[in-house]
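K.L.:
Protein chains in written order, with the UniProt record's numbering: chain A, 1 to 338; chain B, 1 to 338; chain C, 1 to 338; chain D, 1 to 338.
Among the hints, a few may not be true.
Here are the computed lysine-lysine pairs in the DSS-like style, where the Cα-Cα straight-line distance is at most 27 Å [claimed, not checked]:
1) Lys199/A with Lys176/A
2) Lys24/D with Lys6/B
3) Lys244/B with Lys244/A
It should be emphasised that the hints constitute simulated quantities derived from the structure, not laboratory data.
The primary structure of each chain is shown beneath.
There are 4 protein chains.
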Amino acid sequence: MIIIMKPGVTRGNVDHIVEMIESKGLTAHLSQGSQVTIIGVVGDKTKLAHSNIEIAPGVDRIVPVTESYKLTNKKFHPEDSTITVGNVSIGPGTLTIMAGPCAVESADQVMETAMAVKKAGASMLRGGAYKPRTSPYSFQGLEETGLQYMKDAGEAADLRTICEVTSIHALEIAVKYVDMIQIGARNMQNFELLKEVGKTGIPVMLKRGLSATVDEWLNAAEYIVAEGNANVVLCERGIRTFEKATRNTLDLSAVPVLKAKTHLPVIVDPSHATGVRAYVAPLSKAAIAAGADGLMIEVHPCPECALSDGPQSLTFEDFEQLCDNLDPYAKLAGRMFR
Amino acid sequence: MIIIMKPGVTRGNVDHIVEMIESKGLTAHLSQGSQVTIIGVVGDKTKLAHSNIEIAPGVDRIVPVTESYKLTNKKFHPEDSTITVGNVSIGPGTLTIMAGPCAVESADQVMETAMAVKKAGASMLRGGAYKPRTSPYSFQGLEETGLQYMKDAGEAADLRTICEVTSIHALEIAVKYVDMIQIGARNMQNFELLKEVGKTGIPVMLKRGLSATVDEWLNAAEYIVAEGNANVVLCERGIRTFEKATRNTLDLSAVPVLKAKTHLPVIVDPSHATGVRAYVAPLSKAAIAAGADGLMIEVHPCPECALSDGPQSLTFEDFEQLCDNLDPYAKLAGRMFR
Amino acid sequence: MIIIMKPGVTRGNVDHIVEMIESKGLTAHLSQGSQVTIIGVVGDKTKLAHSNIEIAPGVDRIVPVTESYKLTNKKFHPEDSTITVGNVSIGPGTLTIMAGPCAVESADQVMETAMAVKKAGASMLRGGAYKPRTSPYSFQGLEETGLQYMKDAGEAADLRTICEVTSIHALEIAVKYVDMIQIGARNMQNFELLKEVGKTGIPVMLKRGLSATVDEWLNAAEYIVAEGNANVVLCERGIRTFEKATRNTLDLSAVPVLKAKTHLPVIVDPSHATGVRAYVAPLSKAAIAAGADGLMIEVHPCPECALSDGPQSLTFEDFEQLCDNLDPYAKLAGRMFR
Amino acid sequence: MIIIMKPGVTRGNVDHIVEMIESKGLTAHLSQGSQVTIIGVVGDKTKLAHSNIEIAPGVDRIVPVTESYKLTNKKFHPEDSTITVGNVSIGPGTLTIMAGPCAVESADQVMETAMAVKKAGASMLRGGAYKPRTSPYSFQGLEETGLQYMKDAGEAADLRTICEVTSIHALEIAVKYVDMIQIGARNMQNFELLKEVGKTGIPVMLKRGLSATVDEWLNAAEYIVAEGNANVVLCERGIRTFEKATRNTLDLSAVPVLKAKTHLPVIVDPSHATGVRAYVAPLSKAAIAAGADGLMIEVHPCPECALSDGPQSLTFEDFEQLCDNLDPYAKLAGRMFR
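Here chain A stands alone, though its shape is the one from the complex (with noise of 0.2 Å):
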């Protein structure tokens, strides 16, 4: 931690955080300019958490040297992690590919999804349960029945699967059906979902906030990985900005500054990031040019008759076309795919 103090400070200042540094016996380095006196404290600065020393006489600003995330940082754990659900192996070498509906919504659909997504290349099925909607008004979904569809669509099929929980009661029937379990981006920082989903110890995959910064989404999967959970895979979905041409405008940079911050391995969501199916296969491609370990893809029998996300969704034609013209990205990219 640094603290600059502000131009023209006293030596009384300046000797009073000096005093409070080493108070906590830590120790303190004094280095005097011409216009600005700067101190750099050495030792465990968790000791001075509440000193709230940024607001003592004199201090201009502190400035942080050390992530708050530890578990999480590739700093301390140089190596990449991979994440296993069930046969399923995320991280180096592999080409992960979750699809499936937005939301679930039929028996029928499900496992018409499951075994076309399965036959296409997919490893993972993915449908929405618990349907985390902005108006109160729209369909907010099928909740147990629908864990029951995916469930029963993954072992007819062989896929494993992955659901959004939106709430802890959520969590604790979920954890019952599907093999992974997803924090959605409305989620990142309900600490306590994250707390619970840390206690059970499944596999987990952690979608950024719409506004999150990259060092707040790895505080977020400490939260997780602190409870004793490291199975946490993260996800790209695309950040609020002013361009409204997509839904969303998809951070493809976040994924090389993850692979330089973290371990944990990246997938990318292009579906959600665009919400326009015709820019998901351009940015599929990009996404494991960029160095992700796999993607999140909407996909249905019927776009047009989806109950939520439609126009974003592929169709089983669209989807196996994808992977066909994925596979060349993959082996480029050194990654098992199918």
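Starting from the structure of chain A, add chains B, C and D where the hints point.
P.N.:
This is chains B, C and D only, laid out in the frame that chain A set:
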């Protein structure tokens, strides 16, 4: 709802849409331009909710005509609402000041603060017992013990109390201790929590999400009201933008925008919005001038020692002076205060 | 300047940096932490400007300690500046209202508006003769003819005049007609134009760029002042965010932020910020309450007929009523007005 | 154009609008819903340009149906354009790499870089002679001398050259030296400069403004094409968002969006977008996979010594390796390269 067709659309494409509309018992109005065909839909558009017309062949885009929020919409409830919390009225003609520490730290801290803010002019006591913190290693709150301290201090100082809840579990406990519930920015779209707070009937203050549009915010409020709880107050607390000179960017234009779109009262929180103590006073005055029904201000007996958000907290002296300075602004706005 | 080294850096990496620093005649202060080494640089850091230390081996990042703007920086000029435009003073103790049409359309339109806004309380006449329009097919302004109309109207109504220029060519013409030059948001970082306006010495109002941070804005002002023209006024006019309920998001917190960082006066333009006539009055009051030195307001004899930005323009009656309502706010802020 | 009326509008209000429309020789189509009345306007809407219908009594809002850019619009020019710069073709079937230093610093630096990037696979040489810098105290460029160095190096290495201009004056000089003109992000809406570059007929690369929407960007391109210069290439270089892990946020979804909306070629600049050397390679691959027609990459003989943007520059070795790695991505995209 208006459907804008692509240039060069075929007669068959248009007929297909018209049939879809009429098959639901609605009426289609055609406007045939030189370049573009437009179809207006007349009737109850919820019947078309799952038709996904935007991906039917030949469709360029859909333009919604009416807002999806109804109960919170000023168009259907033109009179401004007043929400009562015990003997406190929030709404037209009053200026409600909610003040207190970011986090409840001890019985003494809360009691002392309650007495000081009451004396200066606050009518409600704020304090966090469940703290949503970016890092899992930061202070997370005293929970039920903190709620008891709030209750004791509120009763002693004759102040109504407000506390944030971050889970359904916390909500169930908090309703036993406090007069008003706060839903924080990170939980604005925690729809399960919104529904539960809607069922309780307790007055609730809904903070704006960091990247929530006014429309999404009013839809979130609609979740609460749709469960039968009309006692909702909105709180503008800054949005996330590229600017980092303040912690968030306080969007004071949201105050007149909300006054035009909804009948619910609006509170402004300049402490969290800016994160800087020196900016609280000018923006408090500005909020009243812009039409706010009240303010939420952080006050701490010793900001230098605060366990959370010390740098943005006012001392008792600061707060007393602020209230004195706000007095003429309240009068100008025609609002009762102190 | 502070240099933060990566964890596990070698002794050689650190020595290399220290040599670079000392070879320029500067001093390096080392703080050796348990995890991280920090190097403080003491002396004139411009000597290191092109050293690109941040990509030297072992460097994690660089933290600048002092701002790059000097002449506009309050740290070095603690007293607030007053800028004079003829008999008008912009700065502490006064409230300057600049009013007039978005675009100059005819001699009559400008003359009529000048008389009306003078009567209501404005001291300066605004009007656009060079209009930067998003589409090349929109009305682009009357250019020199428009400037002549402004000059005539300003003289007749005893108002000082301000006009935007969008090129060096326009600047050369405008200085012959108007009392103050406006640099618009789109040209805030048109550095060639800033340098030229700096050479003229004419009073200039620099609007904030749509996505400019306060630091970038003050650096842009520094371009003008560095050329010898200290007569600079800043104008907050809304920034671009995700929110679309207003055209831009008026950042009123920028007012106290600027008051803390610079000695230059600050004007607020609620007309362009919101794009909606009904929001101009509440945000004008709020701007004064937040500490603004003046307002820029669009007024048009017939907003329904305006060639540009009619929807945000006030009628003469609206404007007169607004000025009446602003009176007590000016008094509260200790500012002379009318 | 569609006009949406407020609920409870009077018959008179509607008649007034219909008369306005018909008085201009246009046709009005009425859709009378249960809650809302909608008026569709058929005919040449430019006749209504200055009518400001949105503030007529009873009007809620206006929805434009067609884009304001015409010459750059794919709807009217469905075939993708190829722009030729000497013997270089930018467009379908080719991958154009523009490489070179951020700033031209010396004859040797440019010559050496030109030889290296040519050998590795670039077909164009980039280099800045006029540098728009945030601070007036940063290096501003060698100007005409720098252009001469570019010309010499381009001829010696058989590379076409591209240079940014920041004013009409610089443009007049630059056209004598370089093969293609760059308009930088800060000048994307410097409309006077756009018009002038439109008159020259020289090939021009228009970078996206920091906070420009795709629509504003295409309108800016329209300014150039409307003056008779159809040789326009667009360059995505990152937009400004809340995320600070990269200098800007590279919006790769803009590539497929542009491919859907315009016939102009699209280049991606990952160097300026990220500001970090290590992220250039993964995002270059991703850009090609997303459909880009080329890349602009910063290369410097000694990034540690660069006068501008060293941290994001590749060394010659880095660049050669990058080109080797891009080869299979170009082939997959069906693009000729090297």
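K.L.:
In ascending order, which of the hints set out earlier in this document are inconsistent with the structure?
P.N.:
No numbers; nothing is violated.
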